[in-house]
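Novice: The chain contents come next:
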Amino acid sequence: MKDADINAKQQYADGFITDVVSDSFPPGLDEQVVRNLSELKKEPEWLLDFRLKSFKRWQGMSEPQWGELDYEPIDYQALSYHSAPKFFEEGDIPQEILDTFEKLGVPLHERDALLGLDTSKPKQDNLIPTVAIDAVFDSVSVATTFKAELEKHGIVFCSISEAVQSHPDLVKKYLGSVIPYTDNYFATLNSAVFSDGTFVYIPPGVKCPMELNTYFRINARNTGQFERTLIIADEGSYVSYLEGCTAPAYDENTLHAACVELITMDDAEIKYSTVQNWYPGDENGVGGVYNFVTKRAKCEGKNSKVSWTQVETGSAITWKYPSCILKGEGSTGEFFSVAVTKGKQQADTGTKMIHIGKNTKSTIISKGISFGDSTNVYRGAVKINPGATNASNYTKCDSLMLQDSRALTIPYVTSQNSTATVEHEASAGKISEEQMYYLATRGFSEDDAMNLVVNGFCKDVFQKLPLEFAAEANKLLSVTLEGAVG
Amino acid sequence: MLKLTNYSVSPVLENLNIEFDVGRTYIIMGSNGIGKSTLLHSIMGRPDLEVSGDVELNGENINEFEVDERAKAGMFIGFQSPTSIPGLSNFQFLKQALNTKGTEIRETLEKFKGLSQSLGLPEGWDKRNLNTDASGGEKKKNELIQMQMLNTSLAMLDEPDSGLDVDGIKALSKQLNEWRTADNTLIVVTHYEKLIESLNPDAIIVLKKDHVVGGGKELAQKIFAEGFDSV
Numbered sequence: 068m069k070d071a072d073i074n075a076k077q078q079y080a081d082g083f084i085t086d087v088v089s090d091s092f093p094p095g096l097d098e099q100v101v102r103n104l105s106e107l108k109k110e111p112e113w114l115l116d117f118r119l120k121s122f123k124r125w126q127g128m129s130e131p132q133w134g135e136l137d138y139e140p141i142d143y144q145a146l147s148y149h150s151a152p153k154f155f156e157e158g159d160i161p162q163e164i165l166d167t168f169e170k171l172g173v174p175l176h177e178r179d180a181l182l183g184l185d186t187s188k189p190k191q192d193n194l195i196p197t198v199a200i201d202a203v204f205d206s207v208s209v210a211t212t213f214k215a216e217l218e219k220h221g222i223v224f225c226s227i228s229e230a231v232q233s234h235p236d237l238v239k240k241y242l243g244s245v246i247p248y249t250d251n252y253f254a255t256l257n258s259a260v261f262s263d264g265t266f267v268y269i270p271p272g273v274k275c276p277m278e279l280n281t282y283f284r285i286n287a288r289n290t291g292q293f294e295r296t297l298i299i300a301d302e303g304s305y306v307s308y309l310e311g312c313t314a315p316a317y318d319e320n321t322l323h324a325a326c327v328e329l330i331t332m333d334d335a336e337i338k339y340s341t342v343q344n345w346y347p348g349d350e351n352g353v354g355g356v357y358n359f360v361t362k363r364a365k366c367e368g369k370n371s372k373v374s375w376t377q378v379e380t381g382s383a384i385t386w387k388y389p390s391c392i393l394k395g396e397g398s399t400g401e402f403f404s405v406a407v408t409k410g411k412q413q414a415d416t417g418t419k420m421i422h423i424g425k426n427t428k429s430t431i432i433s434k435g436i437s438f439g440d441s442t443n444v445y446r447g448a449v450k451i452n453p454g455a456t457n458a459s460n461y462t463k464c465d466s467l468m469l470q471d472s473r474a475l476t477i478p479y480v481t482s483q484n485s486t487a488t489v490e491h492e493a494s495a496g497k498i499s500e501e502q503m504y505y506l507a508t509r510g511f512s513e514d515d516a517m518n519l520v521v522n523g524f525c526k527d528v529f530q531k532l533p534l535e536f537a538a539e540a541n542k543l544l545s546v547t548l549e550g551a552v553g
Numbered sequence: 446m447l448k449l450t451n452y453s454v455s456p457v458l459e460n461l462n463i464e465f466d467v468g469r470t471y472i473i474m475g476s477n478g479i480g481k482s483t484l485l486h487s488i489m490g491r492p493d494l495e496v497s498g499d500v501e502l503n504g505e506n507i508n509e510f511e512v513d514e515r516a517k518a519g520m521f522i523g524f525q526s527p528t529s530i531p532g533l534s535n536f537q538f539l540k541q542a543l544n545t546k547g548t549e550i551r552e553t554l555e556k557f558k559g560l561s562q563s564l565g566l567p568e569g570w571d572k573r574n575l576n577t578d579a580s581g582g583e584k585k586k587n588e589l590i591q592m593q594m595l596n597t598s599l600a601m602l603d604e605p606d607s608g609l610d611v612d613g614i615k616a617l618s619k620q621l622n623e624w625r626t627a628d629n630t631l632i633v634v635t636h637y638e639k640l641i642e643s644l645n646p647d648a649i650i651v652l653k654k655d656h657v658v659g660g661g662k663e664l665a666q667k668i669f670a671e672g673f674d675s676v
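Top to bottom, those sequences are chains A and B. The first sequence finishes on residue 553 if you use my numbering, and the numbering steps up by one all the way, no holes. The second sequence finishes on residue 676 if you use my numbering, and the numbering steps up by one all the way, no holes.
Okay, chain A solo, but in the shape it has when bound:
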């Protein structure tokens, strides 16, 4: 099959545009825009200062060039830095937005969220919902479900703008504590202009009774989305957090530069799962989301644990390295990733595991699948600091290639402690004719055969996803693979 045929079949079901009246800032970025944003959100002085020093810093920085990425320079003055649907005056969410999330399979009404449960079983009145949702539409969080239920456990799950007002001490203490405002070009920009995002606090000893889910939707044209997520798991607590993303199919590129910070105290655990399906652009590489994201966790406490699981199928460009700073003694960091690229997509993604504490452990499993004219890079760093006695890391990177695609594996390993063990395995291969033929003799069509092989290839990562998310990831993968057989 020729590339043109494959791309003709490229499907992006979530590419529709919602017609909603928005309040947007005019394009452009200067100190006044940062001040306006802060004022709009009625932010305290310390946060305005944080933004302003970030902006000042950013002005003297330049975009990182080390990624295996090729794109037109981003015009930061052509973007709008805030876009919100008009509804706050009326205190109600426009039906169009509710419909949008409904269409994307993200129910906002609390009752509908119950659909996450097995509906074949008889419904009981006291059913505990499985998923609570924070829905972010362009620059603002439009709705958060099950807040009352979560509050009973002392759990805070709200938009970060709200948390700035309701829990200023926590936000002030932890914002920028994992990703300093000076960290990198995109994180510094985010620190200056972040609009909204999710805030989660799990009190000591609390196991969050449901999955927390943030759903990000970019709708407005020529708007940057700069969300900021902060999750704090206090001593002995546990939370599973899910994140999903989509955007309309615009011809212009959309910039998404998010920051996610996670903190775990003693014996706490955060499981963070992402299914990223931003618009990837059309067959000629026109349009699509530029996804420059900084995600980092700090395992502050002893025996604490952070697991990053990501399924990346969207975006024209992905630049993303969810990382763990393993500071607490005996803490564990995990990174499980499936990245699929096709057409003209470019992904440069991976992780960093920084071992600081004794007996710290990390596991990295990365699966890259590339089709067409795409580029798929795994870039990972494992750093064992001098104090990390008995630290251990296991890394496994597999790539599967088709057609003229490129796959690269770039691991960086530094060990400054002789008691540490670092293991790295890598494989690169193509789907064999033999496998396709074998499956055909059992009656599988080319698409179905491809699906089986790719799903098998991704199995050890999909197993790490929460159940409902795994089904979504499977479905997304099969849509992505449709017609991709060469």
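To be clear, the hints were calculated from the coordinates, so they are not data collected in a lab. Hints are not guaranteed to be accurate.
[Said to hold, decoys possible] Computed list of lysine-lysine pairs in BS3-like fashion (alpha-carbon distance at most 27 Å, straight line):
#1 B:LYS540 with A:LYS531
#2 A:LYS526 with B:LYS558
#3 A:LYS542 with B:LYS572
#4 B:LYS654 with B:LYS619
[Claimed, not checked] Just a sample of chain B residues kept apart from chain A, beta carbon distances all over 12 Å, derived:
#5 ASN451
#6 THR470
#7 ASP493
#8 SER497
#9 GLY498
#10 PHE557
#11 GLU642
#12 LYS667
Idealized CB from N, CA, C, for every residue including glycine.
Dock chain B against chain A, hints included.
Specialist: Positioned in the frame of chain A, the structure of chain B alone reads:
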């Protein structure tokens, strides 16, 4: 049932004419490299083989059928060396191939477990990955399970006995004998005398480069005694 007319597979087989009848069992023999496996795979439609002539299945010309279409028409090939698919479990694979849903899943699983147990496969075989970390004999048993579970009416088995231990071969001939009915046609490539005896085939077909020699069981006996050049 299956009819090959002026059938050639480049560069090994030339101008063969063979007819297989429904409900019968055939043994295909021939010296090494003569093209026995190639013949079976060409009938299955393997895309890299260059075939000329005609293939008819139940009176319909299937020259243009893709491999998966031939499979759906009831054709099955048991591989001599089955391919492995990492991360895909044996049962998941069969479930997907049969498109089994809902309450049928339990039934299908029971049948699967019954077959794998009687072939002496270990507990939990359903969860093991397809032909990954399996021995040669276990892979062959897997082929036999698939043959029986998929809706096969024409089974072509390429040396199903190779790699099997004594008990395995007993189980193989038992299951093949049970599977044979008036509607099921069996074509087996084998060099193994005992399997031929126990299957009691309707015909022996000896493959030569540009023709075939057909006959009854006595043909096999002659080959075992005097070699391929004697027929």
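Novice: Against this structure, judge whether each hint is valid.
Specialist: Results of checking the hints against the structure:
With a CA separation close to 23 Å, the supplied pair B:LYS540 and A:LYS531 stays within the 27 Å bound. Between A:LYS526 and B:LYS558 the alpha-carbon distance is near 23 Å, which keeps this suggested pair within the 27 Å criterion. Among the hinted pairs, A:LYS542 with B:LYS572 is consistent with the structure: their alpha-carbon atoms are about 22 Å apart, no more than 27 Å. Of the pairs offered as hints, the one joining B:LYS654 and B:LYS619 is violated, with about 33 Å between alpha carbons and a cut-off of 27 Å exceeded.
Listed as outside the interface, B:ASN451 is consistent with that label: its C-beta sits roughly 25 Å from the nearest C-beta of chain A, beyond the 12 Å cut-off. Here B:THR470 stays apart from chain A, with its beta-carbon at least about 21 Å from theirs, past the 12 Å limit. Not every C-beta of chain A lies more than 12 Å from that of B:ASP493, the closest at about 7 Å, which undercuts listing it as non-interface. Chain A leaves B:SER497 outside its interface by the beta-carbon criterion, the shortest separation being 20 Å against a cut-off of 12 Å.
For B:GLY498, the requirement that its beta carbon stay farther than 12 Å from each beta carbon of chain A is met, with the minimum near 21 Å. With a closest Cβ-Cβ approach of about 14 Å to chain A, B:PHE557 is found to remain outside the 12 Å limit, as its non-interface label requires. With a cut of 12 Å on Cβ distances, B:GLU642 stays outside the contact zone with chain A, its closest approach being about 29 Å. Every beta carbon of chain A lies more than 12 Å from that of B:LYS667, the smallest distance being close to 33 Å; the non-interface claim holds.
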